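In our numbering, the protein residues as written are 774 to 991.
In short, the hints are calculated from the structure, not lab data. Every value quoted in this text rests on a predicted model; they were computed, and no experiment measured them. Some hints could be false.
[To be verified] Distance windows between CB atoms, simulated:
hint	residue 1	residue 2	range
1	K912	K784	54 to 62 Å
2	A832	D900	55 to 63 Å
3	R956	D895	27 to 35 Å
4	A885	V917	22 to 30 Å
5	P904	E932	35 to 43 Å
6	K790	A821	49 to 57 Å
[As the list claims (entries may be wrong)] Heads up, simulated BS3-like pairs for lysine-lysine below, C-alpha to C-alpha not over 25 Å straight-line:
hint	residue 1	residue 2
7	K790	K979
8	K903	K784
9	K836	K813
10	K836	K826
11	K784	K877
12	K784	K929
13	K907	K796
14	K877	K929
15	K907	K784
16	K813	K800
17	K800	K942
18	K907	K790
19	K903	K836
20	K855	K942
21	K800	K979
22	K912	K784
23	K942	K929
24	K919	K929
25	K912	K790
The beta carbon of each residue, even a glycine, is placed where N, CA and C say it ideally should be.
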Amino acid sequence: MATVRFSETLKDSIRRKARDMFKESIKKAEQDYPSTWGDKIYDCFFPADVLAKFNALPAYAMKEQGHVDFRGFTGAPDEERKEYHFSEIRLEFSSPRRWPDEFKSEVTGFNARYGSGECIWDDTRWDWLKPEVKAYTDKINAEVAKQDSLLEGINKLMETYSTLAPALKAWPALWDLLDDDTRERHKRVVERNKTGSDTLDVDLNKMTAAVTYSKLTR
Numbered sequence: 774m775a776t777v778r779f780s781e782t783l784k785d786s787i788r789r790k791a792r793d794m795f796k797e798s799i800k801k802a803e804q805d806y807p808s809t810w811g812d813k814i815y816d817c818f819f820p821a822d823v824l825a826k827f828n829a830l831p832a833y834a835m836k837e838q839g840h841v842d843f844r845g846f847t848g849a850p851d852e853e854r855k856e857y858h859f860s861e862i863r864l865e866f867s868s869p870r871r872w873p874d875e876f877k878s879e880v881t882g883f884n885a886r887y888g889s890g891e892c893i894w895d896d897t898r899w900d901w902l903k904p905e906v907k908a909y910t911d912k913i914n915a916e917v918a919k920q921d922s923l924l925e926g927i928n929k930l931m932e933t934y935s936t937l938a939p940a941l942k943a944w945p946a947l948w949d950l951l952d953d954d955t956r957e958r959h960k961r962v963v964e965r966n967k968t969g970s971d972t973l974d975v976d977l978n979k980m981t982a983a984v985t986y987s988k989l990t991r
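Model the full assembly from the supplied sequences, consistent with the hints where possible.
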């Protein structure tokens with residue numbers, strides 16, 4: 774009887790399901806930033822006396838903005854760039870803020886472009902923000918590292934075994950990453966010959982814990 778082999782299509786499907794397991798935890802980490810960032814960042818754009826003049830003007834004199842889109846820092850050292858840059862997040866102001874017609878980076882210390890912006894690394898007004906941004910990206914990167922570790926283990930598993938049955942025997946949690954069609958095909962298969970190595974250079978318990986954690990946090 775035919776065996777269920779690890780075709781490239783099946784491998785891609787398993788990898789995709791493994792990545793999907795971490796979508797919610799990564800998304801949660803990406804959304805877990807201080808609600809005060811919007812107001813605090815805006816207050817650093819201009820000196821207090823300039824902001825007072827903005828607010829003293831009649832409503833028709835300036836436009837107002839309800840948020841600022843933010844991606845971290847530009848100009849950070851290469852070895853630290855990943856820790857201070859991230860996908861765009863929208864920082865809502867607690868109330869609309871006066872917005873100048875020309876938003877210049879040399880004045881604000883903020884490089885705004887294409888509807889989003891980054892704080893300039895060497896501008897000292899953002900020194901307070903650097904540790905907060907790093908704490909934020911550390912949480913995101915920790916979830917991504919868990920995802921990468923699981924994918925690395927899965928890839929080694931699929932390299933070690935050319936067919937599904939012995940891989941499932943070595944790591945039963947793989948079952949959770951199979952689509953329904955593959956599960957049905959496996960049920961109809963009698964695996965006669967074991968292929969690959971009996972020894973896997975991966976932490977199967979750690980991989981199982983990652984799958985279990987994902988189930989509990991969905």
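>> Need the status of pair K942, K929: alpha-carbon distance at most 25 Å?
In response: 15 Å, holds
> Does K836 pair with K813 here, judged by a C-alpha cut-off of 25 Å?
Replying inline: Holds: K836 and K813 sit about 19 Å apart, inside 25 Å.
> Would the pair K813 and K800 pass a check requiring their Cα atoms to be no farther apart than 25 Å?
Replying inline: 24 Å, holds
> Could one say that the CB atoms of K912 and K784 fall in the range 54 to 62 Å?
Replying inline: Given a distance of about 30 Å, which is not inside 54 to 62 Å, the answer is violated.
> How does the Cβ-Cβ distance of P904 and E932 compare with 35 to 43 Å: does it lie in that range?
Replying inline: 41 Å, holds
> When you check the alpha-carbon spacing of K903 and K784, does it fall within 25 Å?
Replying inline: Cα-Cα ~40 Å, so violated.
> Is the straight-line distance between the alpha-carbon of K912 and that of K790 25 Å or less?
Replying inline: 22 Å, holds
>> With the threshold set at 25 Å, check whether the alpha-carbon distance from K790 to K979 stays at or below it.
In response: 17 Å, holds
>> Tell me if the straight-line CA distance from K903 to K836 falls inside 25 Å.
In response: 29 Å, violated
> Is the Cα-Cα distance between K784 and K929 25 Å or less?
Replying inline: 11 Å, holds
> For the pair A832 and D900, does the Cβ-Cβ distance stay inside 55 to 63 Å?
Replying inline: Since the Cβ atoms of A832 and D900 sit about 34 Å apart, the hinted range of 55 to 63 Å is violated.
> CA of K907 to CA of K796, is that 25 Å or under?
Replying inline: 21 Å, holds
The structure does not agree with the numbered hints 1, 2, 3, 8, 11, 14, 15, 17, 18, 19, 20 and 22 stated previously, though it agrees with the rest.
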